[in-house]
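K.L.:
One-letter residues, chain by chain:
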Amino acid sequence: MPREFGFLDLSMRLVAGLLIVLGSYNPYAMSYYHWIVETDGSASLKALAGLTLVTLHVVFVLASVRSLGPVGIGLLTALFGSMAWVLVDQRWLDIESPRVFVLTLLLILGGVYGAGISWSHLRNRLSGQVDSTDITLTSPL
Amino acid sequence: MPRLGKTYPIKPLAMLFKRWLLCATVVFASYNPSGNSYFHWVRDAGEVSPLLAFTGVLLLIAALAIMRMAFLSLGYFGVTAALTCIVMMLALGAGLDLFELADVEITTYMLLFWATLVLAVGVSWSLYQGRISGERDILRTPP
Chain V
1 MPREFGFLDL
11 SMRLVAGLLI
21 VLGSYNPYAM
31 SYYHWIVETD
41 GSASLKALAG
51 LTLVTLHVVF
61 VLASVRSLGP
71 VGIGLLTALF
81 GSMAWVLVDQ
91 RWLDIESPRV
101 FVLTLLLILG
111 GVYGAGISWS
121 HLRNRLSGQV
131 DSTDITLTSP
141 L
Chain W
1001 MPRLGKTYPI
1011 KPLAMLFKRW
1021 LLCATVVFAS
1031 YNPSGNSYFH
1041 WVRDAGEVSP
1051 LLAFTGVLLL
1061 IAALAIMRMA
1071 FLSLGYFGVT
1081 AALTCIVMML
1091 ALGAGLDLFE
1101 LADVEITTYM
1111 LLFWATLVLA
1121 VGVSWSLYQG
1131 RISGERDILR
1141 TPP
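Quick mapping for you: the protein sequence lines, in order, are chains V and W.
Just so you know, we're using the working numbering here: the first sequence kicks off at 1 and counts up by one.
Just so you know, we're using the working numbering here: the second sequence kicks off at 1001 and counts up by one.
Bound-form chain V, shown alone (with noise of 0.2 Å):
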């Protein structure tokens, strides 16, 4: 029997996005960007690290671009947005540091590219509807 798809793998896709796109770039010296701009040597294992998450990103952002378009896309930034504010407002985030405003907006890239890849579940099991992609219009043969 296939399982549905639960609130366990809406989260681990959640933490996968933001896995990615903390993992590529954050403000706080734990990151790719940091390990290329100031560290020398092991070109090798740089390379093979920096392809990795160029396809992951290629794939997510695909993924979400397909699934959720531009104006799920706008919705999702305008929902977590909203919900910055909110916190904010509450005085639990502190945008006027640089480092802070910067996390907040990749938090929100993360965010989207989570739910980007989830929709698509998320809608066949609310609705049975499924999201498909017609590849012979792309297709180069």
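Calculated directly from the structure, the hints in this document are not laboratory data.
Positions of the beta carbon are idealized from the N, C-alpha and C atoms, including for glycine.
Heads up, none of these hints are tricks.
Distance windows between CB atoms, simulated:
id, chain 1, residue 1, chain 2, residue 2, range
1, W, N1036, V, D94, 32 to 38 Å
2, V, G74, W, Y1128, 27 to 33 Å
3, W, D1103, V, V59, 52 to 58 Å
4, V, I36, W, Y1128, 50 to 56 Å
5, W, F1113, V, S132, 30 to 36 Å
6, W, D1103, V, D131, 40 to 46 Å
7, V, D131, W, S1034, 35 to 41 Å
8, W, H1040, V, L122, 25 to 31 Å
9, W, D1044, V, I36, 49 to 55 Å
10, V, L122, W, Y1109, 28 to 34 Å
Use these hints to put chain W onto chain V, whose structure you have.
P.N.:
Chain W alone, transformed into the frame defined by chain V:
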């Protein structure tokens, strides 16, 4: 993950009820005549507060997603049939003297209730269709 070529047993009533609860939450939270709804919150709030904006975007996303799923599932014919059902149910209730159409509050409640039911059926319809006839509703990208 459900495979497209297989059909799995569903629980039609429990399924419909859960989706109706979701639709009813979104619709009645957005507007209901009792005076405790997002509509009244916006009307009475002097200025835009962050929580107001957040709730608004959340309700907008939920309503858009539900309406799009329901509309795609039912199509023009289904929506017309469902709207006709709403009008007929209102007419039936009024004809049986269950309530007066002039009673705006009851009429609004009935209208909203039937609208939520139509949305719930619309959201569930693809699953029913998949179970009944094996036809899946597919969204194609790029369009």
